[in-house]
Amino acid sequence: MGKVHMKVYRGNSEGGELKDYNVDVEEGMVVLDVIHKIQATQSSDLACRWNCKAGKCGSCSAEVNGKPRLMCMTRMNTFQEGETVTVAPMKTFPLLKDLATDVSYNYEVNKKIPPFTPKEGADWHWEQEDVDRVQEFRKCIECFLCQDTCHVLRDHDKMGKFAGPRFFVRIASLEMHPIDGEDRVPLLKGEHGLGYCNITKCCTEVCPEDIHITDNAIIPLKERVVDRYYDPLRILWSKITGK
Amino acid sequence: MSDNYQSFDYDVLVIGAGGAGLRAAIEASAAGCKTGLVCKSLLGKAHTVMAEGGIAAALATVDSRDSWQQHFCDGMIGGNLGNHWRMVQIHAQQAPDRVRELEKWGAVFDRTSDGKGNINVRHFGGHTYKRLAHVGDRTGLELIRTLQDKGVHSGIDVHMECTIYSLIKDGEKIAGAFGYFRESGRPVLFRAKSVIVSTGGIGKIYFVNSNSWECTGDGFALGYLAGAELADMEYIQFHPTGMCWPPSVRGILITEGVRGEGGVLKNNKGERFMFKYIPPKYQGKYADTEEEANAWFQKVVVEGQKEEGVKERKPPELMSRDVVARALWTEIKEGRGGEHGGVYLDIASRRTPEDIKKKLPSMYHQFKQLADVDITKVPMEIAPTCHYMMGGLKVDPETQMSNVPGLFAAGECSAGMHGSNRLGGNSLSDLVVFGKLAGENAAAYAKKQKDLPKVNEGQLSALNKEMNKPFENGQGEVSYKILADLQQVMEKGAGMYREEGLLDQCLKDLEGLKARLEKVSAEGNRMFNPGWHVALDLRNMLVVAEAVARAAKERKESRGGHTRTDFTGYSKEFAKKRILIRDKGGKMEVVREDLPQIPAELEKELVDAHLLKPEILKQLRGEA
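Line by line, the protein sequences give chains A and B.
Residue 259 in our numbering sits at position 173 of the first sequence, with consecutive numbering throughout.
Residue 78 in our numbering sits at position 64 of the second sequence, with consecutive numbering throughout.
No wet-lab data here; the hints were simulated from the structure.
Here the structure is a predicted model, which is why all the values come from computation and not from measurement.
Treat the hints with care, as some may be off.
Claimed, not checked - No farther apart than 25 Å at their CA atoms in a straight line, the calculated lysine to aspartate or glutamate pairs in the DMTMM-like style are these:
hint: 1; chain 1: A; residue 1: K198; chain 2: B; residue 2: E115
hint: 2; chain 1: A; residue 1: K123; chain 2: A; residue 2: E103
hint: 3; chain 1: A; residue 1: K205; chain 2: B; residue 2: E115
Stated by the list, open to error - Derived coverage of chain B by chain A (criterion: at least 3 residues anywhere in the stretch with Cβ under 8 Å from a Cβ of chain A; other residues may be distant):
hint: 4; stretch: 225-232
hint: 5; stretch: 537-549
As the list claims (entries may be wrong) - Okay, the calculated beta carbon distance ranges per label pair:
hint: 6; chain 1: B; residue 1: D128; chain 2: A; residue 2: P201; range: 29 to 35 Å
hint: 7; chain 1: A; residue 1: P201; chain 2: B; residue 2: K462; range: 27 to 33 Å
hint: 8; chain 1: A; residue 1: T170; chain 2: B; residue 2: E491; range: 53 to 59 Å
hint: 9; chain 1: A; residue 1: G97; chain 2: B; residue 2: Q502; range: 32 to 38 Å
hint: 10; chain 1: B; residue 1: K601; chain 2: A; residue 2: T172; range: 47 to 53 Å
hint: 11; chain 1: A; residue 1: W210; chain 2: B; residue 2: E368; range: 27 to 33 Å
hint: 12; chain 1: A; residue 1: D216; chain 2: B; residue 2: P613; range: 43 to 49 Å
hint: 13; chain 1: B; residue 1: F22; chain 2: A; residue 2: T172; range: 36 to 42 Å
hint: 14; chain 1: A; residue 1: K198; chain 2: B; residue 2: D499; range: 57 to 63 Å
hint: 15; chain 1: B; residue 1: K468; chain 2: A; residue 2: E309; range: 58 to 64 Å
hint: 16; chain 1: B; residue 1: E115; chain 2: A; residue 2: S99; range: 39 to 45 Å
hint: 17; chain 1: A; residue 1: K93; chain 2: B; residue 2: G600; range: 33 to 39 Å
Glycine residues also receive a C-beta, built at the ideal position from the N, C-alpha and C atoms.
Take the sequences, apply the hints, and build the full model.
Rendered as structure tokens:
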């Protein structure tokens, strides 16, 4: 492929800028390889996270030419000949340094989700079709690209009031588990702010695991909230019965 | 310097948050100990996440003939009797409970299709029966996420993106650990009554490897430098199926599950060559003709018939990894390799595209995205890749404690369980079985200590100065260059095939690299600085590399993951020995020690039950 012109964000919480790098690119390279090459030959202190380099750990999330992507799964030959490739950190999260951002918000939200709680006396035998949907959600590699792209977090700064798509997927995996007995619907309506989501499906589009976040997780959860709190028949019924 | 570092006090400190570390921390915390967990990456990103095929446990949900005894025998034969038998026994006996426990904690394993709704298990190399509980081909992710979610609700303090640079001792006993936060570069001290190292592997010392940046042998080196003995360091697993094209993906793992689901190995002539390579220890257990192997495949994999009623034997592609890797190497060396220096793994001609996408979704994805190869249409080209370290800290099988009081090890950085070759699926079960044991025993040890151990302030200042040295070395060499050279030195000198002269050269080259590391320099400052991080990791990698080369030179035979071109075959002399590496006055000492043997009573029981064959035992003991 020859030389490629890269612009890579360099900076920290106090500020920074896109810096130019020219890198020799070989066949098959992905954006993460180019970043590693810059580290090895030009700027050894360029900060970036990575682990598996095979799209399984979700560490190397960044914005490549403005799109939230895993750097390890973005091949250099998908760009036009002579095109400048820009790599910037995820915008939604506070910057630590260069391409590494402070994603601790996600870990805080996760802690607030009541864990898997099997029903008492549950039957631990179930069919594959009973768990296909749950397994889809459990494919999540926590790259947080959905959190990055979600405008509720990105543009409306609702951290603290809105859990974000990753955690609706997580909650859905628990709520739809055949023998989980915990009720997380009040939390979804309250603290986790599911109502802020207006199902634009941006999260689904960026998911590297192709999880149908909006259709399979968020919408069914929204239905549960609606059924519980906004169903007129149910409201009438509970007024009559006091239940 | 006490003002300049953060300090935390724990009963039990766990270093490393992969499967073993998380499981250990959960156990220590459940025992009522204040538990800290340190990891180099973000939580949930450890290399466990990469494990694909499954977790081995004799659940017998699919084949009722399976038992812990059979799992034990498979592990011992797979490890060519280089294992510590007692660890293999504990593992085989406890693995089923650990798997069921994962399910209780929220893991969602694939189910059987017999209407009973049990945990489904699949075939893997060297296992006599279907034995690997799995979730498609992302079992490691399921395991780590389950433990992570359990862990965060267990009152464990997690310190993410923190690297431990040195263990701290109070006299002979462990006293804690000292390191730095990767983000700020700020030093940190953890005082602890007991410490568990569960830091994973060493793959990054080789050029072609399947490991993440974290696998720099930290636990091995931290333990060694603190006086712990290392064992079995010559036993390294080169996994037969690594990606080999394009160059940037070289070494990335292809799950053995591809072969479990029917994938076959072919050379450039289109021959299924594995029939030529059945070693005596597996003769009679695997199909010796293509017709037989195909009949087995059709009945067991495609039609899902119960294997108990099938008279054909399994295909030889399902033998243990050491055997398959050597076969591949021979085919490639003798000129029957593919266009990029590998051989072919073909699932496309065996299963329907729908089945492949359903059973092996990440493999489909990985090849499509990284190599422009559609594995439902064409074969994959593959070559061996450094995957797993069987050796590690020598531990007591019952407690997982090393020879340093209060220092425990679990998972890949401990030795004994896998002998000279690990079977696929035995790693995830190793993590949870021995992670639990380590957590339990580290907690018990901590409870026996009255006070927190003392820490010498002067030692901490010296360590911090040492960590800072790359910034003070002036315009020296950048760490990445030394790393690249180390990987070449190990690949050439102590790779898949070894011989005396090459090992001597390797040891000489390592001395040169050590001298270069003294002068390594880092640019910028201590804030999130990968060049500096690599400079510090290199110390550990050089310790491990030297231990590997020295142990490999000492074992003058070929066994499992240790192959000597100048000493082929099993030797009677070495069969009952394990090689230890320990520090003696700043130099590495190599010691041969008797390897504990399967007790006669147990051996007789297994032979009488036709689970072990005396002639195979004889052969592996170099007596045949």
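Just tell me: holds or violated, for the beta carbon distance of E115/B and S99/A against 39 to 45 Å? With a Cβ separation near 42 Å, E115/B and S99/A satisfy 39 to 45 Å, so the hint holds.
Quick check on a hinted range of 47 to 53 Å for K601/B and T172/A, using CB atoms only. Since K601/B and T172/A have Cβ atoms about 51 Å apart, the given range 47 to 53 Å holds.
Is the gap between the beta carbons of G97/A and Q502/B within 32 to 38 Å? Given range 32 to 38 Å: holds, Cβ gap about 35 Å.
Okay, F22/B versus T172/A on CB: inside 36 to 42 Å? Holds: the Cβ-Cβ distance is about 40 Å, inside 36 to 42 Å.
How about the stretch 537-549 of chain B: do at least three of its residues have a C-beta closer than 8 Å to a C-beta of chain A? holds (count 10)
Take the C-beta atom of K468/B and the C-beta atom of E309/A, compute their distance, and say whether it sits inside 58 to 64 Å. With a Cβ separation near 60 Å, K468/B and E309/A satisfy 58 to 64 Å, so the hint holds.
Holds or violated: 27 to 33 Å for the Cβ distance of P201/A and K462/B? holds, 31 Å
Given a hint of 57 to 63 Å, does the C-beta separation of K198/A and D499/B actually sit inside it? The hinted range 57 to 63 Å is violated for K198/A and D499/B, with Cβ atoms some 48 Å apart.
Can you tell me whether the CB distance of D216/A to P613/B sits inside 43 to 49 Å? For D216/A and P613/B the Cβ distance comes to about 45 Å; the hint holds.
Compare the distance between the alpha carbons of K205/A and E115/B with 25 Å, and conclude whether the hinted pair is satisfied. holds, 15 Å
Is the hinted range of 27 to 33 Å satisfied by the C-beta distance from W210/A to E368/B? holds, 29 Å
Compare the distance between the alpha carbons of K123/A and E103/A with 25 Å, and conclude whether the hinted pair is satisfied. holds, 20 Å
Checked against the numbered hints listed earlier, the structure breaks hints 8, 14 and 17; every other hint is satisfied.
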